[in-house]
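Enquirer: Residues per chain, in single letters:
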Amino acid sequence: MKNYVIEYCLRLADTSLILGQRLGEWCGHGPILEEDIALTNISLDSIGQARGFYTYAAELEGKEKTEDDYAYLRDEREFRNLLIVEQPNVDFAQTIMRQFLVSTFQFYFFDALKNSSDQTLAALAAKSLKEVTYHLRHSSAWVIRLGDGTEESKRKIESSIDELWPYTGDMFDMDETELVLAEKSIAVDSKKLKPLWEKKVQEIFSEATLNVPQNIFMMSGSREGKHTENLGFILAEMQSLHRAHPGVQW
Amino acid sequence: MTKDTQWPLWEVFTQKKQGAPHEHAGSVHAADKELALQNARDVYSRRNEAISIWVVPTEAIIASTPEDVGSFFDPANDKAYRHPNFYKTPEGVNL
Numbered sequence: 248m249k250n251y252v253i254e255y256c257l258r259l260a261d262t263s264l265i266l267g268q269r270l271g272e273w274c275g276h277g278p279i280l281e282e283d284i285a286l287t288n289i290s291l292d293s294i295g296q297a298r299g300f301y302t303y304a305a306e307l308e309g310k311e312k313t314e315d316d317y318a319y320l321r322d323e324r325e326f327r328n329l330l331i332v333e334q335p336n337v338d339f340a341q342t343i344m345r346q347f348l349v350s351t352f353q354f355y356f357f358d359a360l361k362n363s364s365d366q367t368l369a370a371l372a373a374k375s376l377k378e379v380t381y382h383l384r385h386s387s388a389w390v391i392r393l394g395d396g397t398e399e400s401k402r403k404i405e406s407s408i409d410e411l412w413p414y415t416g417d418m419f420d421m422d423e424t425e426l427v428l429a430e431k432s433i434a435v436d437s438k439k440l441k442p443l444w445e446k447k448v449q450e451i452f453s454e455a456t457l458n459v460p461q462n463i464f465m466m467s468g469s470r471e472g473k474h475t476e477n478l479g480f481i482l483a484e485m486q487s488l489h490r491a492h493p494g495v496q497w
Numbered sequence: 015m016t017k018d019t020q021w022p023l024w025e026v027f028t029q030k031k032q033g034a035p036h037e038h039a040g041s042v043h044a045a046d047k048e049l050a051l052q053n054a055r056d057v058y059s060r061r062n063e064a065i066s067i068w069v070v071p072t073e074a075i076i077a078s079t080p081e082d083v084g085s086f087f088d089p090a091n092d093k094a095y096r097h098p099n100f101y102k103t104p105e106g107v108n109l
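Chains as they are written, first to last, in our numbering: chain A, 248 to 497; chain B, 15 to 109.
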């Protein structure tokens, strides 16, 4: 059972870390100063969430593991992040759409996980929920403004939906590890979150005058560490310093 | 002069604790009031500096000009009797 909880923590941590790393790429490149700060704030929230879950995994695993071992010394196939968070930023519209789709999921996910029978997971979820509530508010506001904005903003946000939609199904997949943990009320049954997620997305898309895609083939694989070609490049950049100088400190 | 292509400017006021006044923290650019509030939150309270935020369109603020200084403020200089400092504060009153 302990190994299942460790695996679960790594999944949650990896998703938050890779999303944080992606958003961090905007640092110094935001469309305006205020939005540059907003995106990197969200990035730091995500990295903070990742640290919490890695630290708990390290505590359970023992063997003097630290959060850095998980973040910097694992390879692509060992990462368990959701496929959608490793998708490239492309432009502001696609970054916002990715954030909106993920934040909506995380909002319902952490809201459920805060009732976990594992008290550490419940506490980490309660803290993360506050952060994600803001991420959802910020990204929703932008989806509405870009969708119902200019011809150009609409074209860009529509193309971002086409790019990202196939990766949304992966968020709700359940495998044996999660089913066993959900049975014991430790993990969230993500499948059950899908109707809530769809309702919220529909609501914001309607306000943004955007259409929800129908009958799209869904990619899957995050739970087995099967990634898109993007993750390798993210890790190469994120891990290079630590691998060149093992144990380096600021 | 180049044309200003920035979004409208908003003045940000933050309150540090319950009961304290909202004080001017700075300004942000934003296209509308909801995003002005969010930008203000991200720029001026991300390090836990505030418990409440106001944003006000900069153009809604009417300010005195340097030319007003003489007529506005100088007459206050020589009227010491306007300041209530001829009274002794009773014991037990904390100012």
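Each hint should be verified, as a subset may be incorrect.
[Stated by the list, open to error] The list that follows gives simulated cross-link-like pairs (lysine-lysine, DSBU-like), each with its CA atoms no further than 30 Å apart: (1) K438(A) to K473(A); (2) K312(A) to K401(A); (3) K93(B) to K377(A); (4) K47(B) to K447(A); (5) K374(A) to K47(B); (6) K30(B) to K374(A).
These aren't lab readings, by the way, just hints derived from the structure by calculation.
Enquirer: Assess, step by step, whether the Cα of K47(B) is no farther than 30 Å from the Cα of K447(A), and give holds or violated.
Expert: holds (23 Å)
Enquirer: Taking only the CA atoms, is the gap from K438(A) to K473(A) under or equal to 30 Å?
Expert: Since the Cα atoms of K438(A) and K473(A) sit roughly 20 Å apart, the hinted pair holds (cutoff 30 Å).
Enquirer: Between K30(B) and K374(A), is the straight-line Cα distance small enough, at 30 Å or below?
Expert: holds (22 Å)
Enquirer: Regarding the pair K374(A) and K47(B), is the alpha-carbon distance no greater than 30 Å?
Expert: holds (28 Å)
Enquirer: Can the restraint linking K93(B) and K377(A) be considered satisfied, given a maximum Cα separation of 30 Å?
Expert: violated (54 Å)
Enquirer: Between K312(A) and K401(A), is the straight-line Cα distance small enough, at 30 Å or below?
Expert: violated (47 Å)
In this structure, the earlier hints numbered 2 and 3 are contradicted, and the remaining ones agree with it.
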